[in-house]
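Asker: Protein chains in written order, with my numbering: chain A, 139 to 304; chain B, 667 to 1088.
The set of hints was computed from the structure by calculation and includes no laboratory data.
Even for Gly, the Cβ is constructed at its ideal location relative to N, Cα and C.
Be a bit skeptical, because a hint or two may be false.
Footprint (simulated), chain A over chain B, 3 or more residues, beta carbon under 8 Å [stated by the list, open to error]:
id : segment
1  : 752-763
2  : 801-814
3  : 848-862
4  : 872-885
5  : 916-923
6  : 1052-1063
Here are a few chain A residues that face chain B, going by a calculated C-beta distance under 7 Å [to be verified]:
id : residue
7  : F141
8  : S159
9  : G160
10 : D179
11 : M203
12 : S206
13 : N234
14 : D289
15 : L292
16 : V293
17 : K297
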Amino acid sequence: MEFQAKAFKYGDDINTDYIISGKHKFKSADMEAMAVHAMEDLDSEYYNKVKPNGGFLVAGKNFGMGSSREQAPLVLIHSNTKAIIAKSFARIFFRNAINTGLPVIECDTDLIDDGDELFVDLESGVVRDLTKDIEIPFPPLPPVMAQLLADGGLVEHFKKHGGFSI
Amino acid sequence: MITITGKTIAEKIFSAHSGTDARAGDIVIADVDFVMGQDGTSPLAIRALENMGVDSVFDPSKVAVVMDHSSPSPIEGVSALHTMMREFGKKTGVTVYDIGEGVCHQIIPERGHVVPGDLMVGCDSHTCTYGAVNVFSTGVGSTDGAAAMAAGKLWFKVPDTMKVTYTGALNPGVFSKDLILYLAGKIGVDGATYMALEFHGPVIDALSVEARMTISNMAIEVGAKSGLMVADEKTIEWFKGRGEKTPDPQSPDADAVYADSIEIDASQIGPQIAKPHAVDNVSPIEEVEGTPIAQGVLGTCTNGRLEDFAIAAQILEGRKVHPDVRFIVAPSSRQVYLDAIEAGYIQTLTRAGAAVVTPGCGPCVGTHNGVPSDGENVISTANRNFKGRMGNSNAFIYLGSPATVAASVIEAKITDPRKYFE
Ligand code: SF4
């Protein structure tokens, strides 16, 4: 999978309440409607910035800490976020992202600035910062996760194989 | 020569549930003993099951959905989600805990749905709570939950374990909440990411099962997958009369390999406070004493159990909540509520000025039951103080023990509870 889009950069320890506040998550199961609230407590313009042309959410360490709400990766997907690129991820968010089909990339993000144009190639494991003309390699996902992502998430995996096939 | 080393609690439980010699780092497919979802996550799991084309669960007696986060429903949207859960229960035969039953993390062990040695997943991050009773329980997302409901198994990466030993003894006025807040302050919100925690030592041994749950509940706040303890006589006793299942407790081997070990002398710890807006932003209470507060909260899956009510009632007996403070109290289950009435705690707290709400999550996650106003400070027994957590991103949440909350609502400022235990 390959994507090109702009980077939208935030800091360390972005928690799931910032990604989608609990006060919204319980309102409905309509992710398209909830996506407008993605990241709003940190950046009220996030949805408007990312939705039209897509974007990469770039962050520091421990992205997605906090709750198990799957609405977190889902609202990001529905806001047209192509992948999350962070120094490290919280465990449940990482799993949920893979299970819902949102690519998560673990690499050093210090050199990437807000607004940089990025090109990401998941198979070869490289983030290319086209604005800065640099390449940042990242380690490939464990095979189980790579397969789930390739199948389009856990639901699609189940549909395709009639259960776990890993 | 190959040296075979011993195993941690996590490695033993995963070995027993996957039929393999499971070691930290291995990826295993393991059988789960129970699967749970709450009202914020079950609807997505139900939808994921539909999308998978699955219309039954692997074993209805091993699945429950709980309406606890927004309960009773405050708005139409939630009412629709609750209806969806009730219909799912009718269709599949899984247990439905409707409004008023309490917080999922109290109900699941209280009703004996899990017993020591079990492996279970819940669609809620604080599922780690039952580590206190020797269950490898961990929070997963709704799609994982759906897969587990459908297949009765799930893939796991067997975690490394960090061993935390509390030595010494607790001082009067200091509680298990203070122990876990202290740990969060010490190792940080990602201090144990991807790891299991194992809690040991004389301080843990001396705690009640309820007080132990407070510690395991917050394992996720340092990034851990589970917060395990061994099952001792108290644990086995606690499970008596709670269902049919036979416990299969797992203890670590003496030569188990730990990724990290920490020792904390509990005798050196006083009441701790996590300040806004991070759970690891912890100070000794002396540093924040006197901070004005507008709302106090006693309850949640961290500290809404009978013992917590006993502590608060002891402090508030014959005293009054300050007129400038709203004090919201939420029992963690119907059983806790009944027991607290029986013991007279609810009367004491209500007379003192508390507003008692339906057993459940209460105001913890900002959906209802006491959203703070702009600029207000809240002191709460909950486990999270993220910005916006209680429904208003312009409010400030401080976390402390039930004793600290009770002492603070009397004076409308953060107050050291130790004066009530002299
Ligand atoms: S009480 Fe709070 S932390 Fe516990 S399950 Fe409910 S919302 Fe989550």
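Asker: Hints broken by the structure, by number, lowest first?
Answerer: When the structure is compared with the hints, numbers 1, 4, 5, 7 and 14 turn out to be violated.
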